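Please build the complex by placing chain B on the supplied structure of chain A, with the hints as guidance.
Protein chains in written order, with this note's numbering: chain A, 1 to 565; chain B, 1 to 361.
Calculated from the structure, these hints are not laboratory results. Just so we're clear, the structure is a prediction, and the values are computed from it rather than from any experiment. Treat the hints with care, as some may be off.
[To be verified] Per the computed footprint, the stretches of chain A lying under chain B, defined by three or more beta-carbons under 8 Å from a beta-carbon of chain B, are: (1) 339-348; (2) 503-517; (3) 547-557.
Glycine included, every Cβ here is placed at the ideal spot set by N, Cα and C.
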Amino acid sequence: MEPLTWFGAYGSSFAPLLMVLITLAVVCGLCAALLAFTNSSPATSFSLFNGIAVLFLLLVGFSYVYSGLSGAEGGGMAPSKLGWFLATIAGLGVFAAMLARFMGTFFDDPAAFAGTIFKWAIYGVGAVVALWLLVTLVWQNAAHKEWLAGLDPAAMPAAEEISQNEAVSRLHSRGIMASIFVRFTPVWISLIVLFAVSIQFKRRLGLYGKLFDSVIGMIGFGLVMFWVFTAVYVGLFDWIATHPPLEQVSGMKNKVPGTPLRGATAEQYPFYLLGGDPLARDIFSRMVEGSVIVIRIAPMATLFAFMVGITLGLPAGYYGGKLDTFLSFLANLILAFPVILLFYLLVTPEIVLTGLPQYMALVLFLFPLIFFGVLINSRFRTQPQKNYMWLAIVLIPLFLVYASAINDPGANSKIRFWPLDFFDIPGGILVVFVSVVFVNSPTVFRIVRGLALDIQTRDYVAAAQTRGERPWYIMLWEILPNARGPLIVDFCLRIGYTTILLGTLGFFGLGLPPESPDWGSTINEGRKLLSIYPHPALPPAFALLTLVLGLNLLADGLREESLKD
Amino acid sequence: MGLFILRRLGVMLLTALCLTFVVFFLTNLYPNLEKLAKTQGNMRMTDEQVENWLSNRGYLQPLPVKYAEWLGVAPGFVHTNAEGEVTGRCIRPGVEPEKAPTYCGVLQGDWGYSTVFKEPVTQIISIRLALTAKLMLWVMLLMVPAALAIGVLAGMREGSRTDRTLSTVSITTTATPEYVSGVIFIALLASSRFGLSPLLAEWGLIEGKTLFKGTATSAMESANFENFFLPVLTIALYGMGYIARMTRASMAEVMTAQYIRTARLKGVSFRNIVMKHALRNALIAPFTVIMLQIPWLLNGVVIVETLFNYKGFGWTLVQAAGNNDIELLLAVSVVSVVVVLITQLISDIGYVFLNPRIRIS
Chain A
1 MEPLTWFGAY GSSFAPLLMV LITLAVVCGL CAALLAFTNS SPATSFSLFN
51 GIAVLFLLLV GFSYVYSGLS GAEGGGMAPS KLGWFLATIA GLGVFAAMLA
101 RFMGTFFDDP AAFAGTIFKW AIYGVGAVVA LWLLVTLVWQ NAAHKEWLAG
151 LDPAAMPAAE EISQNEAVSR LHSRGIMASI FVRFTPVWIS LIVLFAVSIQ
201 FKRRLGLYGK LFDSVIGMIG FGLVMFWVFT AVYVGLFDWI ATHPPLEQVS
251 GMKNKVPGTP LRGATAEQYP FYLLGGDPLA RDIFSRMVEG SVIVIRIAPM
301 ATLFAFMVGI TLGLPAGYYG GKLDTFLSFL ANLILAFPVI LLFYLLVTPE
351 IVLTGLPQYM ALVLFLFPLI FFGVLINSRF RTQPQKNYMW LAIVLIPLFL
401 VYASAINDPG ANSKIRFWPL DFFDIPGGIL VVFVSVVFVN SPTVFRIVRG
451 LALDIQTRDY VAAAQTRGER PWYIMLWEIL PNARGPLIVD FCLRIGYTTI
501 LLGTLGFFGL GLPPESPDWG STINEGRKLL SIYPHPALPP AFALLTLVLG
551 LNLLADGLRE ESLKD
Chain B
1 MGLFILRRLG VMLLTALCLT FVVFFLTNLY PNLEKLAKTQ GNMRMTDEQV
51 ENWLSNRGYL QPLPVKYAEW LGVAPGFVHT NAEGEVTGRC IRPGVEPEKA
101 PTYCGVLQGD WGYSTVFKEP VTQIISIRLA LTAKLMLWVM LLMVPAALAI
151 GVLAGMREGS RTDRTLSTVS ITTTATPEYV SGVIFIALLA SSRFGLSPLL
201 AEWGLIEGKT LFKGTATSAM ESANFENFFL PVLTIALYGM GYIARMTRAS
251 MAEVMTAQYI RTARLKGVSF RNIVMKHALR NALIAPFTVI MLQIPWLLNG
301 VVIVETLFNY KGFGWTLVQA AGNNDIELLL AVSVVSVVVV LITQLISDIG
351 YVFLNPRIRI S
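In isolation and in its complexed conformation, chain A is listed as follows:
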């Protein structure tokens, strides 16, 4: 069987066009950046030099494209005649149109001129990619139909062979990129539905709705939700991955992306879309499986860190004095540790044996209970009936979860007193979770303490004190709601940071078992032969990068929008 190409059967027609547009975008983007830096006020300081520089860069860019195209070979990037024709027409047309349209502005403001071309080139890239996807998906069966038509009607092969051929030839027409796109179909549908609904009702959705006013925020949210949906569909329905994450297929060790499986059965996906890793497992499947681990641990761990940080930070900031000095000293002590040293000390199989993670879980997991208990009690203190009801509704389920989380019936477990053990957290996951919470809490503590110090000087706090409210009511129902803006922004950032920490743990082979498909471990595995086989390490690296980038952009968008009111 032929290996898959990156862009499939129709890629060669679009590749030259795409290359031209990308080169145009890069060159013009560079020009725009250069010009924006060099002249401070464009109308007065036009220099001939700038104009010549732009033209020169443009010429170099174009000549690069054409010399590059003539030497291109294989991999679906070889230009066909149609592609050449399209590229030349489009390139010249775009250039002529731009010149005609912006001739006037060019000599006034070359930076804006280059910026406009950059913008349109980016749009062009998007349009070409969309067009290519459309063409590929519409005509993906063409090769198969041709094969069917060419068969001798007297000697038709078995139905099984026909369907096998159909599947394989469809994948060949799609290529790697479009096949991956198709694998993610449920994610795309969910994203489109989510965005459509959210944009429709954005005025009624508060801060979340405002997010859809900022492009940056929307991009970030899209990236984050992409991975969230992926994790949900992979984790719950087993949809997107093409192979089981631990399945090893002989002969697939370190194979490049698009390699066909030898002797694939009818149920098996016949290709490794992103190639095989050093243990002959499918990299694509491991990458999407990795998202499940991250999405399961990172937000949860961050939430726990926030519970700890808020429960300790509010009194430290509000009361001040000895309590503050003591807690701040503790926080600074933990922060003074290099994170990696702490991980090396806490996240080892030997430490799991001592039961230390379980004891730490015993303490750290208690904070949500304390938080909610105090939260409810401070609110309904004067209405005992309501108070007890809410306390029971919230605390009993929480306690059951808490008791199940810290208890483990295993042989080496130190805590196993509770008979109603609903679920067990494997020792490896527990120690990772606990240490990530432990590392994150002091920073949250410092932020909350700072916010509490700032907000307690406000008039409404003084008013509440005059009213005779209890300190905990003021902290949790006056100060905390007013600190929510910065806290939400920091929550997003901190999930990203937690993801980075999880990756760091995996990178050093700590905590999670070595065959685990999480991104850090896969990067660690792939880096050993990095300069010879770069393909195993790159997909998880990009996955981690996009998720963290998404969270950062989301936080940026939220900050911008929350500052507006």
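What follows is chain B alone, placed relative to chain A:
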């Protein structure tokens, strides 16, 4: 001022003591000691042999006693075996037992003996720290000017296209941890089969097979652009975004100040406003950020030194922690906590000198 520094030094000492005690406690947990015995002695030792091995070397004494020995306030452990040979904490290989000192701890300037490298800890730390200092120096030289330039250019005109582009760039760099950017750089620039290098080699633009080297081991003796640039860039990039964003925020704030508007109305050119009026005030906040960034860089150093196989301080930390080398690990943590606290101190003091409006009361 003197009192302030004195108090900070006291806190520093207390922090270092607490921290080393925590490290001491964690490394002296029995499973860790067992691992140490098995890696140093024999993987197939029975439980009894492990216990013997440990008690002969003084590892089974009570924790406070061991800690006091390490500090040098209690006499070092001495053991006489059945043949009458005397071994002990303070008796180094090649030293007569009678001539060995009674106390050998940090207070005596003796940081102990590494079980992994079979060398005195002081020697290892000084060599490795020098290597890392070289790395950090280049990181700083690359990171600080680049970050300040990006921040100032972005904050000069808040909300402009330049600003948005550069802000996105700096967000991207903060979202790229070292192990991701390092892997991408090696794959793109240092692989002989993938990325830029084969292309450049084919065109005859580079002499060797790859543009950069994927390992920095040779940079320990002679660092050059080829073998040292990628590790430096990898560390610098992650820290750069944060400093750039702080600089941008501070620059943007300064640019809205009254005295800038006055200068503008007076007819001072934009370039002069930025260079002469805004820049100095805008650089106060980034100074503290840069100082506080140094401990963060330590993490990056550990990752990058492991990734590029550069045997510096971070690499030593990984070796010591991975092999439960107690005394080396303690020295490593002392050094890192001192670095953290000193940079905090410098940033506080520097802030006062740079900003005359703030006085320590």
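Structure-based check of each hint:
no. : hint    : result
1   : 339-348 : holds (count 7)
2   : 503-517 : holds (count 4)
3   : 547-557 : holds (count 6)
In this structure, none of the earlier numbered hints is contradicted; all agree with it.
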